[in-house]
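A.B. asks: Could you build all of it, start to finish, from the sequences and the hints given here?
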Amino acid sequence: MQKKKKNKKVIVLCSVLAVAVLAVTAYMLFKPEEKLAVSTVQVTKQTINETLDTTGTVSTASEKSFTLIDKVKVKTVNVKEGDTVKAGDVLATFDVSSLEAALTEKENNYEKALAAYNKAKNASSSASKKITSTKKEITELEAQIEKLKAESQTTTTASTEKKDPGVKVSDDLVKRFIKVAKRFGVEYNEETARKVLSSLLSAGSTGSDISGLLDNLSTIAGSNGSFDMTALAQMGGSSGALINAEMSLVQLKAQLATLELQSDDNYISIYKTVYENAQEEYQKALTQTKEMKKGWIADQKGLVSEVSIQVGETVETKTVVDGKNVDISSIISSISSGMDVSNMISAFFGSEKIGIKVLNYPLVADISLSKYDVLDVSVNQEVTVKSADNTVHEGKVSYVGAIATSSGSSLDISSIMSGSGNTNTIPAQVTIEDGDKSFIVGTDVDISIITDTQENALVVPVEAIVIDGSEVYVYVYDSEKSQAVRKEVTLGIANDTYYQVISGVNEGDVLIKNTSGLEDGVKVKLK
Numbered sequence: 120m121q122k123k124k125k126n127k128k129v130i131v132l133c134s135v136l137a138v139a140v141l142a143v144t145a146y147m148l149f150k151p152e153e154k155l156a157v158s159t160v161q162v163t164k165q166t167i168n169e170t171l172d173t174t175g176t177v178s179t180a181s182e183k184s185f186t187l188i189d190k191v192k193v194k195t196v197n198v199k200e201g202d203t204v205k206a207g208d209v210l211a212t213f214d215v216s217s218l219e220a221a222l223t224e225k226e227n228n229y230e231k232a233l234a235a236y237n238k239a240k241n242a243s244s245s246a247s248k249k250i251t252s253t254k255k256e257i258t259e260l261e262a263q264i265e266k267l268k269a270e271s272q273t274t275t276t277a278s279t280e281k282k283d284p285g286v287k288v289s290d291d292l293v294k295r296f297i298k299v300a301k302r303f304g305v306e307y308n309e310e311t312a313r314k315v316l317s318s319l320l321s322a323g324s325t326g327s328d329i330s331g332l333l334d335n336l337s338t339i340a341g342s343n344g345s346f347d348m349t350a351l352a353q354m355g356g357s358s359g360a361l362i363n364a365e366m367s368l369v370q371l372k373a374q375l376a377t378l379e380l381q382s383d384d385n386y387i388s389i390y391k392t393v394y395e396n397a398q399e400e401y402q403k404a405l406t407q408t409k410e411m412k413k414g415w416i417a418d419q420k421g422l423v424s425e426v427s428i429q430v431g432e433t434v435e436t437k438t439v440v441d442g443k444n445v446d447i448s449s450i451i452s453s454i455s456s457g458m459d460v461s462n463m464i465s466a467f468f469g470s471e472k473i474g475i476k477v478l479n480y481p482l483v484a485d486i487s488l489s490k491y492d493v494l495d496v497s498v499n500q501e502v503t504v505k506s507a508d509n510t511v512h513e514g515k516v517s518y519v520g521a522i523a524t525s526s527g528s529s530l531d532i533s534s535i536m537s538g539s540g541n542t543n544t545i546p547a548q549v550t551i552e553d554g555d556k557s558f559i560v561g562t563d564v565d566i567s568i569i570t571d572t573q574e575n576a577l578v579v580p581v582e583a584i585v586i587d588g589s590e591v592y593v594y595v596y597d598s599e600k601s602q603a604v605r606k607e608v609t610l611g612i613a614n615d616t617y618y619q620v621i622s623g624v625n626e627g628d629v630l631i632k633n634t635s636g637l638e639d640g641v642k643v644k645l646k
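Note that the working numbering has the sequence shown beginning at 120, numbered continuously upward.
These aren't lab readings, by the way, just hints derived from the structure by calculation. A portion of the hints provided could be inaccurate.
DSBU-like cross-link-like pairs, simulated, lysine-lysine; straight-line CA separation at most 30 Å [to be verified]:
#1 412 <-> 238
#2 490 <-> 205
#3 314 <-> 412
#4 199 <-> 472
#5 391 <-> 403
#6 412 <-> 183
#7 194 <-> 632
#8 164 <-> 644
#9 194 <-> 183
#10 268 <-> 301
#11 287 <-> 249
#12 556 <-> 183
C.D. replies: So this is what it looks like as structure tokens:
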């Protein structure tokens, strides 16, 4: 009896196991297909812009510097560096009581320079006419001197013995003689110089004659002329006629040097440059005076980049010489001595001091284009510019260069292969029309230049496009079958967000965005 019950339990257990196996097998054979969860997006129509993305350095197309006049006192300063100003804003005001005196000084400089220029022009015209006759006089006098020298060789030295050895020479004349001789490379001590001068005076020359001789020699030395100073030591034993002739020759040569200098174009141009600089300074002072009487006022919207004045400050500009001490002849005498005349001219006028500087809007950004990119860029193309705070601003291409320049900052495949870090790029400039203080001059900004625009275009997000070699396709969501259906498409222009689709889909089609793992006909479900 117990054996029967035991067999019955075994049969029941086997039946249960068989049913379980059949159930699992049936589930595996007939279980529903697992669906891939996907996100979708509709094909829409909108305007799409294709862009060239690059970076540029912010600068300003123009700036206004407000400059100061010497001795003016600052009353108010209404801005600080980094402020944005608009047209009509008063930047600073001044105590104008000292302005007229400063303006008068500039006017005196101008009038003096103009008078000197006119005098130089007249002297130049006169000098040109006298050069030929002076050269003729020199030739005749040189012949006369040679004749007198020949005659002096046949005379005795008796006349020399009759000359007064006790003639007195002034200390001033001795000092001048030593100084002039040194300019010609001859070193005389006081004793020797006094003997030479005594000999000349004993031979019949007067102190006035010698003084005039030294004046003329100074002129020759100043124009790099030459003269044998040692010859003066031998003149004492000559006749009075020979000494006078020698002195006359020195004077004529000095006159010729002066005439040639006066007739030289450089001579006139220096006076003209001085005059023009003085005129410019005076006109500038007039403008500054008018500005300061009203206060410094911004011409247009801009960014304050420099403020170097303080309330209560009395301005002192660096002035090398004032109008009362201007000596234009000192410049002229330095022309042939190798000095930098332009620096001497600048010394006539006070240096300019900037009080406030404003970078005028609109700002600009300088960019570089490759030889391929430049084909897609032209003046007036619209651009977007992202500022330091990531705000997007509008702008336009305002300049595209015609000549490529070399830049060592870029690396591309061709430069790496050639072993050179230089590449030729074309300079261009973008105007930032609505710039503000979020743009920092000298820093880089991100720029997108719109190179093509298609309006009312079918567009698809980049996430829905599959590019596999030469094949380009999308997966359309079939809502009735819950399937992904692959469709070939033809693309147009693109940007970072969208592709234009020319053919293959229609407006309103629902596309699958996350295409990973998809195949044509795969079952999907919406997330």
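A.B. asks: If you test the structure against every hint from before, which numbers come out violated?
C.D. replies: Per hint list: 1, 2, 3, 7 and 11 violated.
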